[in-house]
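Asks: In order, the protein sequences belong to chains P and U. Mind the numbering: the first sequence is residues 1 to 450 in the working numbering, read in order. Mind the numbering: the second sequence is residues 1 to 450 in the working numbering, read in order.
Everything labelled a hint here was simulated from the structure, so no lab data went into it. Bear in mind that the values here come from a model prediction, so they are computed numbers and not experimental data. No residue lacks a Cβ here, since even glycine has one placed at the ideal position from N, Cα and C. Do not take every clue at face value.
[Said to hold, decoys possible] Restricting the straight-line Cα-Cα distance to at most 20 Å, the calculated cross-link-like pairs of lysine-lysine (PhoX-like) are:
no., chain 1, residue 1, chain 2, residue 2
1, U, Lys271, U, Lys220
2, U, Lys147, U, Lys199
3, U, Lys128, U, Lys147
4, U, Lys220, U, Lys199
5, P, Lys10, P, Lys20
6, U, Lys146, P, Lys271
7, P, Lys412, U, Lys271
8, P, Lys271, U, Lys10
9, U, Lys380, U, Lys447
10, U, Lys20, U, Lys220
11, U, Lys20, U, Lys10
12, U, Lys49, U, Lys20
13, U, Lys113, P, Lys224
14, U, Lys146, U, Lys128
15, U, Lys352, U, Lys271
16, U, Lys220, U, Lys146
17, P, Lys271, P, Lys352
18, P, Lys271, U, Lys49
19, U, Lys17, P, Lys352
20, P, Lys352, P, Lys380
21, P, Lys271, U, Lys352
[Stated by the list, open to error] What follows is a list of derived Cβ distance ranges for each label pair:
no., chain 1, residue 1, chain 2, residue 2, range
22, P, Asn110, U, Arg4, 42 to 50 Å
23, P, Glu344, U, Asn82, 27 to 35 Å
24, P, Lys128, U, Leu410, 30 to 38 Å
25, U, Val383, P, Ser349, 41 to 49 Å
26, P, Lys146, U, Gly70, 43 to 51 Å
[Said to hold, decoys possible] Far from chain U, by Cβ distances over 12 Å, these chain P residues were calculated:
no., residue
27, Lys10
28, Arg23
29, Ala56
30, Arg159
31, Met161
32, Asn203
33, Lys220
34, Asp236
35, Glu344
36, Leu449
2 protein chains.
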Amino acid sequence: MKERNEVILKTINRLLKEEKTERVIAVLGRLYPADAAEIVGSLDEEHQKAIFERWAPDQSASAFLELEEGDQVDIAENLTLNAISEILNEMPADDAADLVADLSGDLAENLLKSVRSEVETEIRALLKYGEDTAGGLMIPEAVTLKKNMTAEEAIDELRRMAPNVESIYYIFVINDENQLVGVVSLRDLIIAPASAMIKDIMNPDVIYVEATADQEETAKLISKYDLLALPVVDGDNHLLGVVTVDDVLDVVEDEATEDIYRLAGLTKEEKIASPVMDSFLKRVPWMVLNLGTAFLASSVVGLFEESISSVVTLAVFMPIVAGMGGNGGTQALAVTTRGIALGELELSSGLKALFKEGLIGLMIGLTTGLITAIVAFYWKGNVFLGLVLFLAMIINLLIAGLSGAGIPILLKRLGYDPALGSGIIITTFTDVFGFLAFLGLATFFLKYLI
Amino acid sequence: MKERNEVILKTINRLLKEEKTERVIAVLGRLYPADAAEIVGSLDEEHQKAIFERWAPDQSASAFLELEEGDQVDIAENLTLNAISEILNEMPADDAADLVADLSGDLAENLLKSVRSEVETEIRALLKYGEDTAGGLMIPEAVTLKKNMTAEEAIDELRRMAPNVESIYYIFVINDENQLVGVVSLRDLIIAPASAMIKDIMNPDVIYVEATADQEETAKLISKYDLLALPVVDGDNHLLGVVTVDDVLDVVEDEATEDIYRLAGLTKEEKIASPVMDSFLKRVPWMVLNLGTAFLASSVVGLFEESISSVVTLAVFMPIVAGMGGNGGTQALAVTTRGIALGELELSSGLKALFKEGLIGLMIGLTTGLITAIVAFYWKGNVFLGLVLFLAMIINLLIAGLSGAGIPILLKRLGYDPALGSGIIITTFTDVFGFLAFLGLATFFLKYLI
Numbered sequence: 001m002k003e004r005n006e007v008i009l010k011t012i013n014r015l016l017k018e019e020k021t022e023r024v025i026a027v028l029g030r031l032y033p034a035d036a037a038e039i040v041g042s043l044d045e046e047h048q049k050a051i052f053e054r055w056a057p058d059q060s061a062s063a064f065l066e067l068e069e070g071d072q073v074d075i076a077e078n079l080t081l082n083a084i085s086e087i088l089n090e091m092p093a094d095d096a097a098d099l100v101a102d103l104s105g106d107l108a109e110n111l112l113k114s115v116r117s118e119v120e121t122e123i124r125a126l127l128k129y130g131e132d133t134a135g136g137l138m139i140p141e142a143v144t145l146k147k148n149m150t151a152e153e154a155i156d157e158l159r160r161m162a163p164n165v166e167s168i169y170y171i172f173v174i175n176d177e178n179q180l181v182g183v184v185s186l187r188d189l190i191i192a193p194a195s196a197m198i199k200d201i202m203n204p205d206v207i208y209v210e211a212t213a214d215q216e217e218t219a220k221l222i223s224k225y226d227l228l229a230l231p232v233v234d235g236d237n238h239l240l241g242v243v244t245v246d247d248v249l250d251v252v253e254d255e256a257t258e259d260i261y262r263l264a265g266l267t268k269e270e271k272i273a274s275p276v277m278d279s280f281l282k283r284v285p286w287m288v289l290n291l292g293t294a295f296l297a298s299s300v301v302g303l304f305e306e307s308i309s310s311v312v313t314l315a316v317f318m319p320i321v322a323g324m325g326g327n328g329g330t331q332a333l334a335v336t337t338r339g340i341a342l343g344e345l346e347l348s349s350g351l352k353a354l355f356k357e358g359l360i361g362l363m364i365g366l367t368t369g370l371i372t373a374i375v376a377f378y379w380k381g382n383v384f385l386g387l388v389l390f391l392a393m394i395i396n397l398l399i400a401g402l403s404g405a406g407i408p409i410l411l412k413r414l415g416y417d418p419a420l421g422s423g424i425i426i427t428t429f430t431d432v433f434g435f436l437a438f439l440g441l442a443t444f445f446l447k448y449l450i
Numbered sequence: 001m002k003e004r005n006e007v008i009l010k011t012i013n014r015l016l017k018e019e020k021t022e023r024v025i026a027v028l029g030r031l032y033p034a035d036a037a038e039i040v041g042s043l044d045e046e047h048q049k050a051i052f053e054r055w056a057p058d059q060s061a062s063a064f065l066e067l068e069e070g071d072q073v074d075i076a077e078n079l080t081l082n083a084i085s086e087i088l089n090e091m092p093a094d095d096a097a098d099l100v101a102d103l104s105g106d107l108a109e110n111l112l113k114s115v116r117s118e119v120e121t122e123i124r125a126l127l128k129y130g131e132d133t134a135g136g137l138m139i140p141e142a143v144t145l146k147k148n149m150t151a152e153e154a155i156d157e158l159r160r161m162a163p164n165v166e167s168i169y170y171i172f173v174i175n176d177e178n179q180l181v182g183v184v185s186l187r188d189l190i191i192a193p194a195s196a197m198i199k200d201i202m203n204p205d206v207i208y209v210e211a212t213a214d215q216e217e218t219a220k221l222i223s224k225y226d227l228l229a230l231p232v233v234d235g236d237n238h239l240l241g242v243v244t245v246d247d248v249l250d251v252v253e254d255e256a257t258e259d260i261y262r263l264a265g266l267t268k269e270e271k272i273a274s275p276v277m278d279s280f281l282k283r284v285p286w287m288v289l290n291l292g293t294a295f296l297a298s299s300v301v302g303l304f305e306e307s308i309s310s311v312v313t314l315a316v317f318m319p320i321v322a323g324m325g326g327n328g329g330t331q332a333l334a335v336t337t338r339g340i341a342l343g344e345l346e347l348s349s350g351l352k353a354l355f356k357e358g359l360i361g362l363m364i365g366l367t368t369g370l371i372t373a374i375v376a377f378y379w380k381g382n383v384f385l386g387l388v389l390f391l392a393m394i395i396n397l398l399i400a401g402l403s404g405a406g407i408p409i410l411l412k413r414l415g416y417d418p419a420l421g422s423g424i425i426i427t428t429f430t431d432v433f434g435f436l437a438f439l440g441l442a443t444f445f446l447k448y449l450i
């Protein structure tokens, strides 16, 4: 598929050079929107503008919404107000609202005034919800039926109204107050006898989510119950819209990227293709913060300059104690944050996880401490050096396990993202306490080490 | 939903104490399979056995396949051969094959002999493909039609055959050689005029995947084209089965967990609820390997014992140079591995990514090196110490950026997982070269530092 796109891209570049924009649009129109977006996304600004301004709105909207969010904003700012509002008219309302939320206030306001009034109403309604909630993720339309209808009547009704709805996954059954009372899958509707009543084939125990719920909770429900779409309701069980599984797939990928990035001290928005200066400006504050904590660790070492000056070998072993603590802490942190993200760790079992990671830290400290002690004894010929390293490793890996599990659990309980900043706090802990334990013990046994 | 399950669990525990297993089964039967699995999964082995052995196979299969893979194996080994083979008869073939693949050879072989013969054939066919390929992920059945049929005839045909198929997402159109020639969504079928011909409403440009393709590629296609299901074909375009979006959601979550774990030096299988001894045994080899590389870094420090002995302050600044290099490398590594995982980094643009990360490393090295130099100068009053730190930080962060991007790209090009082992290699690089640069430069300028 990728190779095919590259061949098409070459053709399109040739056609653009010959200024045959209409031909380019004809070629793009025959592709899947995702492929057309991939190709248009790799063209320069001027050609993107030329294409989107002459393309039929329904087709350009399909391709436009497959672009990366950053590219969407760049192109939208570049197009005439008329061209972008025609695209917006044809986009699913959830994607349109996400785009409007990302534009500057003035442009957003002008755009909302120039789209069709029912589109404006839908977008404004969605903008009330945060981009990261079920409400922000939903398409504010659902295929609904009443329960006193036969399967055949329902199919006829669908045939009449379906062309207006982007995709049908389930049909939701509502009462006269627009409250959700059941769900029928398209499959169940088709295989039911033509005369079966909707109320008899529907499932009255509908899985739903409230509009204000977080997108992670929404994703978990769809994943747990293997759903294609999840109905979104308000506090009184009125049906507001549906979140579809393809949006949730994006959420799961985004949340995973966010976790990996936050554990490494990066912000969510950075991409492998971001410009150097953008990446630098996003990473440097974090690195300066890291530098501050590194100075903290180094000032702990400073407390023991005298001991190091009498036994220089201590400096040789410092990286081992600190490094192993950092690694142990990172392992405990990865298991704990992932457990929280996947919903496997209930907060009530936090104490159990803390105890477990402390115990594992202790066991790893014993094992690697023993190896370190033996190597140090054979290398430097001093049994007390071995003893000091053994004890320091046990203490530091215990602290690593406890902080690696405890800090994300604590952050989560305080309402913060458990991945954000955990890494830096834990490395600071293991550096500071690692040096304190190792150099403190060495100072205590100093006369045996010289 | 969670609270509801806890209330039900209490009721079930009471019923189990009173040995009313039939009542328990009645309660479980009214739940969504995912909820029933959550509850059964938290019971002890004996009760799990009692429930699964008396439960109707179709219901127990639905709950069974929602259990974690590890729990499935434990329970399967515990049940009578008869009970587990009845469950297997009712499970979708892809899940059944995954379970059989995880069981011991003897048990697996006995099971395959005791299930229905068509189930055995299906499972054996799937076992040919790796668990992590499209073939291993697919359900070996698809709803197919021929193209010379009207929409109405197609719906009648579906009504006749659909009860045998787990879920219908798309209807695939095949020719007389069982080759894939088109696809029709259920929605398009329903909204088409009753007399429309399938060949006129089908999309002949089907997105498909070969059975031997990796599960990551499969997930990327479903995600890119927003599909509900992806047809799987052999080398001659014969339709073999379909991979559904709910399986892909699990793949995306698993791959993200795998990446996070591998970056932290953990194996995929570990969970927050794994027993302490399991976790310890899985983590300790990695930590011993880490210890080896830590000794490598420490032996670099050992080369400069004399310099440290004349200027003990060097020991104080060692953690800063090494720590900042490690952090910078981790940032570059996270961006690069995630870019590879999400398909944003083509191997052809690897050199560009390498250059970018090197440049960012240089810029961060300049910034944080300057800060470190100024702080060191004010703290210790020696301008040469500042200069040495400045240069060492630039060198180390350049190396951090280059290795953070270069090592995963190299691993990927050599056909390995880019996340596996990258972290440990990069930390070793930044430790070894960080100490070498800092202590080497310090030794060169030694007479100005004393």
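Asks: All hints, please: hold or fail.
Replies: Results for each hint:
1. U/Lys271 / U/Lys220: violated (25 Å)
2. U/Lys147 / U/Lys199: holds (5 Å)
3. U/Lys128 / U/Lys147: violated (31 Å)
4. U/Lys220 / U/Lys199: violated (28 Å)
5. P/Lys10 / P/Lys20: Judged against 20 Å, a Cα distance of about 14 Å means the pair holds.
6. U/Lys146 / P/Lys271: Cα-Cα ~45 Å, so violated.
7. P/Lys412 / U/Lys271: holds (19 Å)
8. P/Lys271 / U/Lys10: The given pair, whose Cα atoms are some 48 Å apart, is violated under the 20 Å limit.
9. U/Lys380 / U/Lys447: holds (16 Å)
10. U/Lys20 / U/Lys220: violated (48 Å)
11. U/Lys20 / U/Lys10: holds (14 Å)
12. U/Lys49 / U/Lys20: holds (14 Å)
13. U/Lys113 / P/Lys224: Roughly 32 Å separates the two Cα atoms, so the pair is violated.
14. U/Lys146 / U/Lys128: violated (29 Å)
15. U/Lys352 / U/Lys271: violated (37 Å)
16. U/Lys220 / U/Lys146: violated (29 Å)
17. P/Lys271 / P/Lys352: violated (37 Å)
18. P/Lys271 / U/Lys49: Violated: P/Lys271 and U/Lys49 sit about 49 Å apart, past 20 Å.
19. U/Lys17 / P/Lys352: Distance of about 26 Å is beyond 20 Å: violated.
20. P/Lys352 / P/Lys380: Violated, at roughly 41 Å.
21. P/Lys271 / U/Lys352: Measuring from Cα to Cα gives roughly 13 Å; hence the hint holds.
22. P/Asn110 / U/Arg4: 42 to 50 Å: Check passed, 48 Å falls within 42 to 50 Å.
23. P/Glu344 / U/Asn82: 27 to 35 Å: holds (32 Å)
24. P/Lys128 / U/Leu410: 30 to 38 Å: For P/Lys128 and U/Leu410 the Cβ distance comes to about 49 Å; the hint is violated.
25. U/Val383 / P/Ser349: 41 to 49 Å: violated (55 Å)
26. P/Lys146 / U/Gly70: 43 to 51 Å: holds (45 Å)
27. Lys10: holds (15 Å)
28. Arg23: holds (20 Å)
29. Ala56: holds (19 Å)
30. Arg159: violated (5 Å)
31. Met161: violated (9 Å)
32. Asn203: violated (10 Å)
33. Lys220: With a cut-off of 12 Å, P/Lys220 comes too close to chain U, as the shortest Cβ separation is near 10 Å.
34. Asp236: Non-interface label on P/Asp236 holds, nearest chain U Cβ at 19 Å vs cutoff 12 Å.
35. Glu344: Incorrect as stated: the minimum Cβ-Cβ distance to chain U is 5 Å, not above 12 Å.
36. Leu449: holds (14 Å)
Of the numbered hints stated above, those contradicted by the structure are hints 1, 3, 4, 6, 8, 10, 13, 14, 15, 16, 17, 18, 19, 20, 24, 25, 30, 31, 32, 33 and 35, listed in ascending order.
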